[in-house]
Amino acid sequence: DAGITQSPRHKVTETGTPVTLRCHQTENHRYMYWYRQDPGHGLRLIHYSYGVKDTDKGEVSDGYSVSRSKTEDFLLTLESATSSQTSVYFCATRDEKLFFGSGTQLSVL
Amino acid sequence: AQSVTQPDIHITVSEGASLELRCNYSYGATPYLFWYVQSPGQGLQLLLKYFSGDTLVQGIKGFEAEFKRSQSSFNLRKPSVHWSDAAEYFCAVASTSGTYKYIFGTGTRLKVLA
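Residue numbers (this note's numbering), protein chains in the order written: chain G, 1 to 109; chain V, 1001 to 1114.
One should not assume that every hint holds.
What the hints assert, rightly or not - Pairs of lysine-lysine residues, derived as DSS-like cross-links and limited to a Cα-Cα distance of at most 27 Å, are as follows: (1) V:K1049 / G:K97; (2) G:K53 / G:K97; (3) V:K1111 / V:K1061; (4) V:K1049 / G:K57; (5) V:K1049 / V:K1068; (6) G:K70 / G:K57; (7) G:K97 / V:K1061; (8) G:K57 / G:K97; (9) V:K1068 / G:K97.
As the list claims (entries may be wrong) - Covered stretches of chain V (in silico footprint by chain G; criterion: 3 or more residues with CB under 8 Å from a CB of chain G, positions within the stretch not fixed): (10) 1044-1056; (11) 1102-1108.
Honestly, the hints are just simulated from the structure, not real lab data. All values reported here derive from a predicted model rather than from experimental measurement. We treat Cβ as the ideally placed atom computed from N, Cα and C, and that holds for glycine.
Extracted from the complex, chain G is given alone in its bound form (with noise of 0.2 Å):
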């Protein structure tokens, strides 16, 4: 959907370790966004960029990063994972409405 490649489409990983998760997009749109999304929590808002070296955070950043060094690509990272963050992350660009990436499985054991 409107090009938005996540990889990798699932990981697994371990208490403690730094993961970084990318999205990209071919559709040239200025505002990206990642969420995470959990049973019972709906999709929550990470962090989000309204330009290249432009973000900020959503309701859920503690624990995450982002970078955004080019229109393209926008870089989740998560610092030192824990259980907690174990979800399914979505990328998402916005032109007049949101385009969603297929998601990431994240499991972090």
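With chain G's structure known, arrange chain V on it following the hints.
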């Protein structure tokens, strides 16, 4: 701060019955408002959106929503539900400040009885 409340976690309706899903928001002004649907194992699909103007908005699949400023609500309706409407529905608000921060509600899971 922006927030969205969907008070109903689960709703069950019979096929052919009418449907209303509730959404209340908190925002300092009138935000942009959206309804998305997510079928099991699928991504999110936009049903409809409200930016300004007519407060009754028509969407895809026969859905409509009404923006009520006085109640800070944006409820989703469908006059006759089909079995294929079973899914999870999310209301979302976006800031109008230029950063377009999108916040989603916790979702309402719809079950349709045959």
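Comparing the hints with the structure gives:
Taken as a hint, the V:K1049 and G:K97 pair is honoured in the structure, with Cα atoms around 8 Å apart against an allowance of 27 Å. Straight-line distance between C-alpha atoms of G:K53 and G:K97 comes to about 22 Å, which keeps the hinted pair within the 27 Å bound. The hinted pair formed by V:K1111 and V:K1061 meets the criterion: a straight-line CA distance of about 17 Å does not exceed 27 Å. With a C-alpha separation of about 24 Å, the suggested pairing of V:K1049 with G:K57 holds against the 27 Å cut-off.
Among the hinted pairs, V:K1049 with V:K1068 is consistent with the structure: their alpha-carbon atoms are about 14 Å apart, no more than 27 Å. The suggested pairing of G:K70 with G:K57 holds, with an alpha-carbon distance near 19 Å, which does not exceed 27 Å. Proposed proximity of G:K97 and V:K1061 is supported: the alpha carbons are some 17 Å apart, at most 27 Å. Between the alpha carbons of G:K57 and G:K97 the distance comes to roughly 20 Å, so the proposed pair stays at or under 27 Å and holds.
Simply put, V:K1068 and G:K97 have alpha-carbon atoms about 21 Å apart, close enough for the 27 Å limit, and the pair holds. With 3 residues having a Cβ less than 8 Å from any Cβ of chain G, the stretch 1044-1056 of chain V passes the three-residue criterion, so the hint holds. Only residues whose beta carbon comes within less than 8 Å of a beta carbon in chain G count, and the stretch 1102-1108 of chain V has 6; three or more means the coverage holds.
The earlier numbered hints are all upheld by this structure, with none contradicted.
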